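Peer 1: One letter stands for each residue in the lines below.
There are 2 protein chains.
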Amino acid sequence: MSMSGVIVRRLAVIGVGLIGGSLARALRRAGVVGEIVGVDLDRDNLVRAHEFGVVDCGAETLAAGVAGADLVFLSVPVCAIPAVVRDLIPHLAPGAIVTDGGSVKGEVVAACEPLMPPGTHFVGGHPIAGTEHSGVEASFATLYEGKRCIVTPTPRTDVTALGTVVRLWEAAGSEVVLMDAEKHDRLVAAISHLPHMVAYALVNAVEGYDRFEEGILRYSAGGFRDFTRIASSDPAMWRDIALMNREGVIEMMDHFAAYFATLRSLVAAGDADGLERFFRESKESRDAIL
Amino acid sequence: MSMSGVIVRRLAVIGVGLIGGSLARALRRAGVVGEIVGVDLDRDNLVRAHEFGVVDCGAETLAAGVAGADLVFLSVPVCAIPAVVRDLIPHLAPGAIVTDGGSVKGEVVAACEPLMPPGTHFVGGHPIAGTEHSGVEASFATLYEGKRCIVTPTPRTDVTALGTVVRLWEAAGSEVVLMDAEKHDRLVAAISHLPHMVAYALVNAVEGYDRFEEGILRYSAGGFRDFTRIASSDPAMWRDIALMNREGVIEMMDHFAAYFATLRSLVAAGDADGLERFFRESKESRDAIL
Numbered sequence: 001m002s003m004s005g006v007i008v009r010r011l012a013v014i015g016v017g018l019i020g021g022s023l024a025r026a027l028r029r030a031g032v033v034g035e036i037v038g039v040d041l042d043r044d045n046l047v048r049a050h051e052f053g054v055v056d057c058g059a060e061t062l063a064a065g066v067a068g069a070d071l072v073f074l075s076v077p078v079c080a081i082p083a084v085v086r087d088l089i090p091h092l093a094p095g096a097i098v099t100d101g102g103s104v105k106g107e108v109v110a111a112c113e114p115l116m117p118p119g120t121h122f123v124g125g126h127p128i129a130g131t132e133h134s135g136v137e138a139s140f141a142t143l144y145e146g147k148r149c150i151v152t153p154t155p156r157t158d159v160t161a162l163g164t165v166v167r168l169w170e171a172a173g174s175e176v177v178l179m180d181a182e183k184h185d186r187l188v189a190a191i192s193h194l195p196h197m198v199a200y201a202l203v204n205a206v207e208g209y210d211r212f213e214e215g216i217l218r219y220s221a222g223g224f225r226d227f228t229r230i231a232s233s234d235p236a237m238w239r240d241i242a243l244m245n246r247e248g249v250i251e252m253m254d255h256f257a258a259y260f261a262t263l264r265s266l267v268a269a270g271d272a273d274g275l276e277r278f279f280r281e282s283k284e285s286r287d288a289i290l
Numbered sequence: 001m002s003m004s005g006v007i008v009r010r011l012a013v014i015g016v017g018l019i020g021g022s023l024a025r026a027l028r029r030a031g032v033v034g035e036i037v038g039v040d041l042d043r044d045n046l047v048r049a050h051e052f053g054v055v056d057c058g059a060e061t062l063a064a065g066v067a068g069a070d071l072v073f074l075s076v077p078v079c080a081i082p083a084v085v086r087d088l089i090p091h092l093a094p095g096a097i098v099t100d101g102g103s104v105k106g107e108v109v110a111a112c113e114p115l116m117p118p119g120t121h122f123v124g125g126h127p128i129a130g131t132e133h134s135g136v137e138a139s140f141a142t143l144y145e146g147k148r149c150i151v152t153p154t155p156r157t158d159v160t161a162l163g164t165v166v167r168l169w170e171a172a173g174s175e176v177v178l179m180d181a182e183k184h185d186r187l188v189a190a191i192s193h194l195p196h197m198v199a200y201a202l203v204n205a206v207e208g209y210d211r212f213e214e215g216i217l218r219y220s221a222g223g224f225r226d227f228t229r230i231a232s233s234d235p236a237m238w239r240d241i242a243l244m245n246r247e248g249v250i251e252m253m254d255h256f257a258a259y260f261a262t263l264r265s266l267v268a269a270g271d272a273d274g275l276e277r278f279f280r281e282s283k284e285s286r287d288a289i290l
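Top to bottom, those sequences are chains G and X. According to the UniProt record's numbering, the first sequence is numbered sequentially starting from 1. According to the UniProt record's numbering, the second sequence is numbered sequentially starting from 1.
Looking at chain G on its own, in the form it has when it is part of the complex (with noise of 0.2 Å):
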């Protein structure tokens, strides 16, 4: 391979699972990244990508998997994110940069940037692509091409770092805005988090309605089916987004609620032209994204 176009020569993932593999496939498929090293608390899954060619060598610990790395990628669960950066420190070469994929940039940047030693950088970052399916045999190199990631930088955020994060992600296909954390957490509450707790709350709801002495979800056809998909989704995930992005949810909770009580009263006046109204603009909406 020729370093010419070389963006990372050792990139270190922690947590290769689709995220993490796809990310790790898509650069060496790019040919931006000179050896990749993995890092997984799942032994099984780390020789598995190790197996498929996803990394390069497996590390046995953070310690020795961020060793002489100039990038490091976080995508491990949510809430361990700054839990992970206090623990690979002090292993991190100079001028490494840490980022990550998780779903809430808010408390993990705040959390990380003031951890970092002089000299090292972190850069935020969430791909905002992903499926239902986990794991490294889930991930393929084409997971990102096409879609957005969200990149966010504070005003304290090195210019260089930052360009070698957003170069990464455009190598891996996608297209790169720069956005406030805070203002990041705000629109993934609004079009990822509140859906999700809108179809929890609906399954739960409808499995909790007791009028009828069997199982009314028997009766649901393709399309409760796939209108509650995303209620399959992993708890453990959800409850950390949650807590990590609470006031974004509650905030997205509560505009939802406000919106939902109007079409209550138009349901219980019977107002027909205002029902179709509010059914034809959210029809207007919902078609200029498909």
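One or more hints might be untrue.
[To be verified] Some chain G residues close to chain X (C-beta under 8 Å, calculated; not the full set):
(1) 114
(2) 116
(3) 217
(4) 238
(5) 283
No wet-lab data here; the hints were simulated from the structure. Quick caveat, the model's predicted, so the values are computed rather than measured. Just so you know, even glycine gets a beta-carbon here, dropped at the ideal spot from N, CA and C.
Got chain G; can you put chain X on it based on the hints?
Peer 2: Coordinates of chain X only, in the frame set by chain G:
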């Protein structure tokens, strides 16, 4: 075609779109119907239905369409069903059965049953099947295969007429469930009408969230698009459903709102165990219907 398996000699389909066209195709394929006459306000649609062989002939008027039919199937907007029944009654053959595919049953059955002259019969029905497409082009013979069809007899329903309707849906491949119309309306309020209300409100809430100058929906990934697909449904149809099943829809909206408020208080309290339990119960219910 042998007439030995024939359940209906002359079938009139009023509204030859996805629902009516698919039933016609399925019954013809099953060899249980002699002649199929179509009626449709959309003349072009009716011409295509004839060209495609979905109907043997298209009738110019409701009177001509139902003349001599032993079974009339109504697949017209649910609000229009009682008026159409009123219009076709003078032209019904003795012994004729009128049935429908409307997604609200209580008001429809209560309005239509008393209209029927002696010796003719109304039986309410609702196949739990469909796609987001419409028109006779969207119809196909296997739409009802393996799906449930709810038929809603009353204490006054003629048993022979009921048996004919049940055998028709079974011939189309459906599993028929007999249910009180009121219970049906509560059930579809839960598994279909509530999810639509939630999806419409969600899209409007997210679109109306004005913290960002730019349209935040453009950041949405596949999960949001899948989740909100049903918000692209026909506004006029859903206006009618919300009006016709107002009581059931309101009850389920309030039921959902209570669960949503519980989840909101778990988030606000930062109750990690409570959140994980809420999400896990939902995931278990959802995974059970995969």
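Peer 1: Look at each hint and say if it fits the structure.
Peer 2: Against the structure, the hints come out as follows:
Hint on residue 114(G) is violated. Least Cβ distance to chain X is approximately 23 Å, over the 8 Å limit. Look at residue 116(G): its Cβ only gets to about 27 Å from chain X, farther than 8 Å, so that hint breaks. With a least beta-carbon distance of about 5 Å to chain X, the hint placing residue 217(G) at the interface is held under the 8 Å criterion. Annotation: interface hint on residue 238(G) holds; nearest CB of chain X at approximately 5 Å, less than 8 Å.
Hint status for residue 283(G): holds, given a least beta-carbon distance of 5 Å to chain X, under 8 Å.
Of the numbered hints given earlier, the model fails hints 1, 2; all others are met.
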